[in-house]
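What follows is the residue order along each chain.
There are 2 protein chains.
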Amino acid sequence: MNKIESAKNPLVKLTKRLQKRKQREKEGLFVVEGYHLVEEVLQHDVEVQEIITEDHKNIPANHAGARVSLVTEQVMKEMSSTETPQGILAVCRLPKTQEVIVQKKGSYLFIDGVQDPGNLGTMIRTADAVGVSAVILGEGTVDPYNDKVVRATQGSLFHLPVIKGDLEEWIKACRNKNIPVFGTCVTQGTTHTAIEAQDGFALIVGNEGAGVQEKWLEQSDQNIYVPIYGNAESLNVSVATGILLYHLKLSH
Amino acid sequence: MNKIESAKNPLVKLTKRLQKRKQREKEGLFVVEGYHLVEEVLQHDVEVQEIITEDHKNIPANHAGARVSLVTEQVMKEMSSTETPQGILAVCRLPKTQEVIVQKKGSYLFIDGVQDPGNLGTMIRTADAVGVSAVILGEGTVDPYNDKVVRATQGSLFHLPVIKGDLEEWIKACRNKNIPVFGTCVTQGTTHTAIEAQDGFALIVGNEGAGVQEKWLEQSDQNIYVPIYGNAESLNVSVATGILLYHLKLSH
Numbered sequence: 001m002n003k004i005e006s007a008k009n010p011l012v013k014l015t016k017r018l019q020k021r022k023q024r025e026k027e028g029l030f031v032v033e034g035y036h037l038v039e040e041v042l043q044h045d046v047e048v049q050e051i052i053t054e055d056h057k058n059i060p061a062n063h064a065g066a067r068v069s070l071v072t073e074q075v076m077k078e079m080s081s082t083e084t085p086q087g088i089l090a091v092c093r094l095p096k097t098q099e100v101i102v103q104k105k106g107s108y109l110f111i112d113g114v115q116d117p118g119n120l121g122t123m124i125r126t127a128d129a130v131g132v133s134a135v136i137l138g139e140g141t142v143d144p145y146n147d148k149v150v151r152a153t154q155g156s157l158f159h160l161p162v163i164k165g166d167l168e169e170w171i172k173a174c175r176n177k178n179i180p181v182f183g184t185c186v187t188q189g190t191t192h193t194a195i196e197a198q199d200g201f202a203l204i205v206g207n208e209g210a211g212v213q214e215k216w217l218e219q220s221d222q223n224i225y226v227p228i229y230g231n232a233e234s235l236n237v238s239v240a241t242g243i244l245l246y247h248l249k250l251s252h
Numbered sequence: 253m254n255k256i257e258s259a260k261n262p263l264v265k266l267t268k269r270l271q272k273r274k275q276r277e278k279e280g281l282f283v284v285e286g287y288h289l290v291e292e293v294l295q296h297d298v299e300v301q302e303i304i305t306e307d308h309k310n311i312p313a314n315h316a317g318a319r320v321s322l323v324t325e326q327v328m329k330e331m332s333s334t335e336t337p338q339g340i341l342a343v344c345r346l347p348k349t350q351e352v353i354v355q356k357k358g359s360y361l362f363i364d365g366v367q368d369p370g371n372l373g374t375m376i377r378t379a380d381a382v383g384v385s386a387v388i389l390g391e392g393t394v395d396p397y398n399d400k401v402v403r404a405t406q407g408s409l410f411h412l413p414v415i416k417g418d419l420e421e422w423i424k425a426c427r428n429k430n431i432p433v434f435g436t437c438v439t440q441g442t443t444h445t446a447i448e449a450q451d452g453f454a455l456i457v458g459n460e461g462a463g464v465q466e467k468w469l470e471q472s473d474q475n476i477y478v479p480i481y482g483n484a485e486s487l488n489v490s491v492a493t494g495i496l497l498y499h500l501k502l503s504h
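Those protein sequence lines, which keep their order, are chains A and B. In terms of this note's numbering, the first sequence has 147 at position 147, counting the first letter as 1, and numbering is strictly consecutive. In terms of this note's numbering, the second sequence has 280 at position 28, counting the first letter as 1, and numbering is strictly consecutive.
Calculated from the structure, these hints are not laboratory results. Don't take every hint at face value.
[What the hints assert, rightly or not] Label-pair distances were calculated between CB atoms; the ranges are:
#1 A:Thr190 to B:Pro413: 48 to 56 Å
#2 A:Glu196 to B:His308: 47 to 55 Å
#3 A:Thr191 to B:Glu421: 22 to 30 Å
#4 A:Thr190 to B:Arg273: 19 to 27 Å
#5 A:Lys104 to B:Pro413: 16 to 24 Å
#6 B:Pro413 to A:Arg17: 34 to 42 Å
[Said to hold, decoys possible] With a cut-off of at most 27 Å between alpha-carbon atoms, the simulated DSSO-like pairs for lysine-lysine come out as follows:
#7 B:Lys272 to A:Lys77
#8 B:Lys309 to B:Lys260
#9 B:Lys501 to A:Lys249
Since the model is a prediction, treat every value here as computed from it, not as a measurement. Virtual Cβ for every residue (Gly too), placed ideally from N, Cα, C.
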């Protein structure tokens, strides 16, 4: 097997370019890094174009069909977006947008402009854990194929539909099915514990600083919040999302 | 007012050194960055030694007594631990360890080896929000005065006692007061929703990979977990902590 020893190799340069959203969209590709995530993309419905590793013995068993390239430790360091590279990454094709049809008993997480990659990734992981049907990313939300988002999802990005969409249309689709849409707002609405668990629902959560946009709060059926008892001004958005999703799903 | 224009200035060098835990402990100092956090330390019981800013008009009103130094934008960039500095930071004295006495109706968060600064900071913020009495950091937990932890707490670090301690002693102290101690474990125990809200309690949460150490799980009264319905292997520890703290506090 050929070993790539130069950072000028086209594959190395491509991988580095894919750290930028525009380049991912132009090439139709994204990168996952680390053994666990490479295993996840191989297991799920993701087209893996290339596996790049420092050590070909360290490749998940189910990699049949994917091209494998060996690189030196130095080149891996160049390509990696982490400080301590795990020695393996995969270049994958961006999946086609999955078609999601709102179902009466489905549960949906609508994300309005969350900016922090760690927050978005953690929210997708939580949505997966609680068994949400789909996550819809409204305008202004960080790209889910950003390397930090992918890492924080711990693979959940490949477990459920995570798609970009116009929240207006999605709110309408829920209304058409009589699914309650809950907005979240720190300053107005109902304490979440006053709401019972729901068979089907949509929850809208918003940007770290600005929260959910007023226009969505007006279109929701009810706005809810997690009460604050101490001196914190607010909760981290991914923590609040976890508390609300589990509450809406679980009490029954 | 004198303007510091050189990165070799002793104050600049000190501030940079304080990014390291050992140096913080040696000097007995730590740094907070950004207008909001500088405001928080000035409002709370923290001794602020020095405020360093690019623009002296941009200092919280209540800074009486603190020394102020002006620096150039370039020097601020040198000192800052963020990519986009907010133009203000403060050098503060590490607070003396607060004495915390376990109370029958108190609620306590015991943290066993959480490594990620963002996770620890978010957990302290959540503990503050829910009104926890104190957060105890067991061995192997990241230093709460790490700049990323301080930032993620959004000031909550200064709202409630956050102290390092021997979890064994703290578990004993809770037992002596008949306060139930809940361990958390993904693979054994009781679903959290089977537990009622508690007047007083301690919750032990653990390291991102390894979880809570077996020895603490053995010493707890009961071990609980947040159920997973989808394909995620686990929840992020700060999300799980939020769900559990709100559940233990709130249902009554």
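Quiz item: Falls inside 34 to 42 Å, the C-beta gap from Pro413 (chain B) to Arg17 (chain A)?
Solution: 48 Å, violated
Quiz item: At the C-beta level, are Thr190 (chain A) and Pro413 (chain B) separated by a distance inside 48 to 56 Å?
Solution: 32 Å, violated
Quiz prompt | Assessment of proposed distance window 22 to 30 Å (beta carbons of Thr191 (chain A), Glu421 (chain B)) | solution = Between Thr191 (chain A) and Glu421 (chain B), where Cβ atoms are some 36 Å apart, the hint is violated.
Quiz item: Cβ-Cβ distance between Lys104 (chain A) and Pro413 (chain B): within 16 to 24 Å?
Solution: About 48 Å separates the Cβ atoms of Lys104 (chain A) and Pro413 (chain B), which means 16 to 24 Å is violated.
Quiz item: Given the hinted pair Lys272 (chain B) and Lys77 (chain A), is their alpha-carbon gap at most 27 Å?
Solution: Satisfied, since the Cα-Cα distance of roughly 24 Å is no more than 27 Å.
Quiz item: Is the straight-line distance between the alpha-carbon of Lys309 (chain B) and that of Lys260 (chain B) 27 Å or less?
Solution: 25 Å, holds
Exercise. Check the following: the C-beta atoms of Glu196 (chain A) and His308 (chain B) are separated by a distance inside 47 to 55 Å.
Key: Taking Cβ atoms as reference, Glu196 (chain A) and His308 (chain B) lie about 54 Å apart, which means the hint holds.
Quiz prompt | 27 Å Cα cutoff - pair Lys501 (chain B), Lys249 (chain A) | solution = Distance ~19 Å between Lys501 (chain B) and Lys249 (chain A) Cα, so the pair holds.
Quiz item: Okay, Thr190 (chain A) versus Arg273 (chain B) on CB: inside 19 to 27 Å?
Solution: 43 Å, violated
Hints 1, 3, 4, 5 and 6 from the list above are not met by this structure, while the remaining hints are.
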